[in-house]
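Visitor: Residue numbers (my numbering), protein chains in the order written: chain C, 1411 to 1752; chain X, 54 to 408.
Hints are computed from structural coordinates only; laboratory data are not their basis. Treat the hints with care, as some may be off.
What the simulated footprint calls covered on chain C by chain X, stretch by stretch (three residues with Cβ under 8 angstroms from a Cβ of chain X suffice, anywhere in the stretch; the number is not a length) [as the list claims (entries may be wrong)]: (1) 1638-1647; (2) 1676-1682; (3) 1729-1737.
Virtual Cβ for every residue (Gly too), placed ideally from N, Cα, C.
Below, each chain spelled out in residue letters.
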Amino acid sequence: MDSKAVCSPADACSFFAKEGRRDFLLKRQLTKPRSPKLSSPRRAVSFALCLGLLLSACSTRQNSTVNDASFHQITDEAGRNIKVPATVTRFISLAPSITEIVFAIGAGEGLVGRTTFCNYPPEAAKVEAVGDTLKPSIERIIALRPQVVFVSTASQLEAFTTELDAHNIAVYVTDSHDLDGVFRSIERISDLLGRRPQADELLKQLRGRVAAVEDKVKPQPPVRVFYQVSDEPLYTIGRDAFITDLLKRVGGISVTADVPGAWPKYSAESALAARPDAIILPTGGSMGDANSNVAAPLKRSPAVANHRVYKVNEDHLSRPGPRSVDGLEELARALHPEVFSK
Amino acid sequence: MTRAKTTETTANVGRVLRLDSSRVTFAKTLVVCGVLLLTLLLIVALMSLFGSEKLPARAALCALISFGKASCGLTADQDAILFDIRLPRILLGAAVGGSLAVAGASYQSLLRNPLAEPYLLGISNGAAVGTMIALVFMGAQEWSRPLLAFSGALAATFVVYRLAQGRTGATPERLILAGVIVTTFLSSAIVFVTTLMDATRIRSFTFWLLGDLSGSTNKLLWLALFIAVAGTFVLAAHARSLNLLMLGERDAFDLGVEVSRVRLVVFIVASLLVGSSVASSGSVGYVGLVVPHLVRLSLGSDNRITVPAAAICGAIFVVVADTIARTVIAPRELPVGAITALIGAPLFVYLLRRR
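So here's chain C without its partners, still in its complex pose (with noise of 0.2 angstroms):
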């Protein structure tokens, strides 16, 4: 703990006690030989009012500034390096993932912030919107006090911590590039929100219907599939997405599974080329009704030639939060529909 963070509240107070009293004094000997019997009893009350209001400052500051014995240090999912208050009442989300899984464990009353895409689940839009996931607003986060801030981008990561770490306000970072992770981060945010009961009854419940999906699915032959995230421009995802994890779970391949990146641009041609058995359309939710065509070059595929093309809830599958699990489902059933009918 750097000597600047540590301003001990008995430093502080003992201060502002010794400033108000000189400052009585000061003042107590200009007005003295005009009143002096009135005005020393009123001035006495007030004197005492006034240590009393900065004792209880002092004493409620205590809670939330930095105290060795109640912080500890943990490393977050980006490998950085935080120190997190071991009572974590106060915190803000800044990912939709990140509200469901907070939600989900039932620590939904500690969360003071989300952002505006956070509509899931409904009880989300009581809490107080910071702004969006990419432009939040700093002001609003720090004039909420949270003791910590969950982020699901690394993108002006850098300005952004600084600015809270002014404010002793903890950044964790949650970065999951499959279901396992996104099950490992449910587990250190319950950890974090001292909320691991929970957290594994909801994983355990999570992991029986993910087994239950791939012991289904597992005896039939792989799909290729091609996930459109949208159709002009062409995007999809690459290597790094979470959402190709999700496809080779339930007995698909993503033709994009090779490609660098988690949300490349592709080419035409190499759509036209690729020749997918199954298209995956994210659409619906937040989406409202855009990305719900096949773009152009799929069109000669012969997954539009034997009508598989199939529609899926756009929110389940790119929050990688318990909902996945719904996305898994989803995915399942539009590619293995001749296990799930009956």
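Position chain X against the provided structure of chain C, taking the given hints into account.
Guide: Positioned in the frame of chain C, the structure of chain X alone reads:
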């Protein structure tokens, strides 16, 4: 005084048109343009052999020469890649490059400013704002994109021109300052609109703002090609007036040029060129600046040659740049605007220093 001015003017004409070193004749223009057109054809054929998917070169060439009538051993998919995806994109690149370069060349002569260029003057941004309004509010109607892009480009042109007019006329500095003001204002407008838009559409817009030839439709392609060719002919027909305008509007008027009519024609035609290219592929920067200067450095500054040659060279430039953009990190893609700037700037510096 008058005599001094006349001598100076004559000297200027001599310097600007380089009449002493080479006489520009119709025959010479034809030869230069013919050679350049052949080069463009060769480049188009050559560049359609490259792409993220490999095609058998001989079969692809055979199919190209027969205009797709003979299959030449290409599979149906390969045929579709060549004729439905690659060739339209290359033709769009040619149309966009030609439009921007010829617009830049005529602005530079008309406004007597070497920095006059659709991108720097804010005209591309005007067209971009128009296209964005069309995409956001009239997404269903395809015709609204080029129409509003043209209106935006024309509006930006007139605003810049008005702002540049001082009591002493439009100085080059005033013009560029006006362009910077309009550009930054419109950029902020674009940022404002993207902020209001939902997150899913922002990604496609940011890519498109850097210039992207992948997301066009056939209708927009034919429109862009038609406007590029027609616009080049109209501007080339005004090349003689543009030559005289390089001496200044006053002198050009004295020499018999209908200055206000020529100015109006250039503004409208250039706005059409910029509007159609921005509507189909976003703002591809640098073409309108670099290509006309490269042409002047190598062919002289007589607009009778510069205007048509700039159009063809602009087409070659963008076709080559886009081939790099779509192959260098295949199967991913880069925005073509990044490549035009990366090749354009060093090439420009090299030619400038060599002279």
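Visitor: Does each hint fit the structure? Answer for all of them.
Guide: Structure-based check of all given hints:
1. By the rule of at least three residues with a Cβ nearer than 8 angstroms to a Cβ of chain X, the coverage given for the region 1638-1647 of chain C holds, with 5 such residues.
2. With 6 residues bearing a CB less than 8 angstroms from a CB of chain X, the region 1676-1682 of chain C meets the requirement of three and the coverage assertion stands.
3. Counting residues of the region 1729-1737 of chain C whose beta carbon lies closer than 8 angstroms to any beta carbon of chain X gives 0, which falls short of the minimum of three for the stated coverage.
Violated hint for the displayed structure: number 3, the only one.
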